[in-house]
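J.: The lines below spell out each chain.
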Amino acid sequence: NAGVTQTPKFQVLKTGQSMTLQCAQDMNHNSMYWYRQDPGMGLRLIYYSASEGTTDKGEVPNGYNVSRLNKREFSLRLESAAPSQTSVYFCATGDRGRFEQYFGPGTRLTVT
Amino acid sequence: GENVEQHPSTLSVQEGDSAVIKCTYSDSASNYFPWYKQELGKRPQLIIDIRSNVGEKKDQRIAVTLNKTAKHFSLHITETQPEDSAVYFCAARNAGNMLTFGGGTRLMVKP
Chain A
1354 NAGVTQTPKF
1364 QVLKTGQSMT
1374 LQCAQDMNHN
1384 SMYWYRQDPG
1394 MGLRLIYYSA
1404 SEGTTDKGEV
1414 PNGYNVSRLN
1424 KREFSLRLES
1434 AAPSQTSVYF
1444 CATGDRGRFE
1454 QYFGPGTRLT
1464 VT
Chain B
1024 GENVEQHPST
1034 LSVQEGDSAV
1044 IKCTYSDSAS
1054 NYFPWYKQEL
1064 GKRPQLIIDI
1074 RSNVGEKKDQ
1084 RIAVTLNKTA
1094 KHFSLHITET
1104 QPEDSAVYFC
1114 AARNAGNMLT
1124 FGGGTRLMVK
1134 P
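Protein chains in written order, with my numbering: chain A, 1354 to 1465; chain B, 1024 to 1134.
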């Protein structure tokens, strides 16, 4: 029972490159979230998916796209990476009718 | 949208003392207030939470209080230990089921 997993753990990109961050959960939760955490700051919501087949923008969606592939998987795509997207990205999940969110281990992304 | 402010940004206490971290929120419709602990290089971990219909909740050495009228909530840690050293984040959940986080408090417990 792995909980929430994220791949890769670390990534370095050059400006303009693209990549997809992967998140998977085996908690059978309906809701999934993508956050970014900049150094010394709190977490900010990028996108979320309340259930399979739906996605919505969060606080800072510009420059990102998401796909809820199925109930287990929620991916975050950077089409053209910029240095301002250097951050730690966390995926989180939550169960229907409950408010708690549980976080994955994070992906540390550096854009040069 | 929701705005959550957290104070202080750093807090240093002696082992065995109590620590208090305070947060204010702006959206009166917010109904859920979790607290997360994040150790260096690790994921945020939920340590305690409170819903808007409750004024106080306690779990061993940690407690959270909520004042809906004033729109603020606080984390209290008693008998602090060195392993309590971490960054603590408060958050508020709005009607759209989105969490807005405070800026974090770095707690240092000196042995």
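Since the hints were derived computationally from the structure, they do not count as laboratory data. Be aware that one or more of the hints could be misleading.
Said to hold, decoys possible - Calculated lysine-lysine pairs in the BS3-like style (CA-CA distance at most 25 Å, straight line): (1) B:Lys1065 - B:Lys1133; (2) B:Lys1133 - B:Lys1045; (3) B:Lys1060 - A:Lys1362; (4) B:Lys1065 - A:Lys1362.
J.: Indicate, hint by hint, whether the structure satisfies it.
T.: Going through the hints against the structure:
At most 25 Å may separate the alpha-carbon atoms for a hinted pair to count; Lys1065 of chain B and Lys1133 of chain B meet this at roughly 21 Å. For the suggested pair Lys1133 of chain B and Lys1045 of chain B, the alpha carbons sit about 21 Å apart, so the restraint of at most 25 Å is met. Taken as a hint, the Lys1060 of chain B and Lys1362 of chain A pair is honoured in the structure, with Cα atoms around 20 Å apart against an allowance of 25 Å. About 12 Å separates the Cα atoms of Lys1065 of chain B and Lys1362 of chain A, which keeps this hinted pair within 25 Å; it holds.
The structure is consistent with each of the numbered hints, conforming to all of them.
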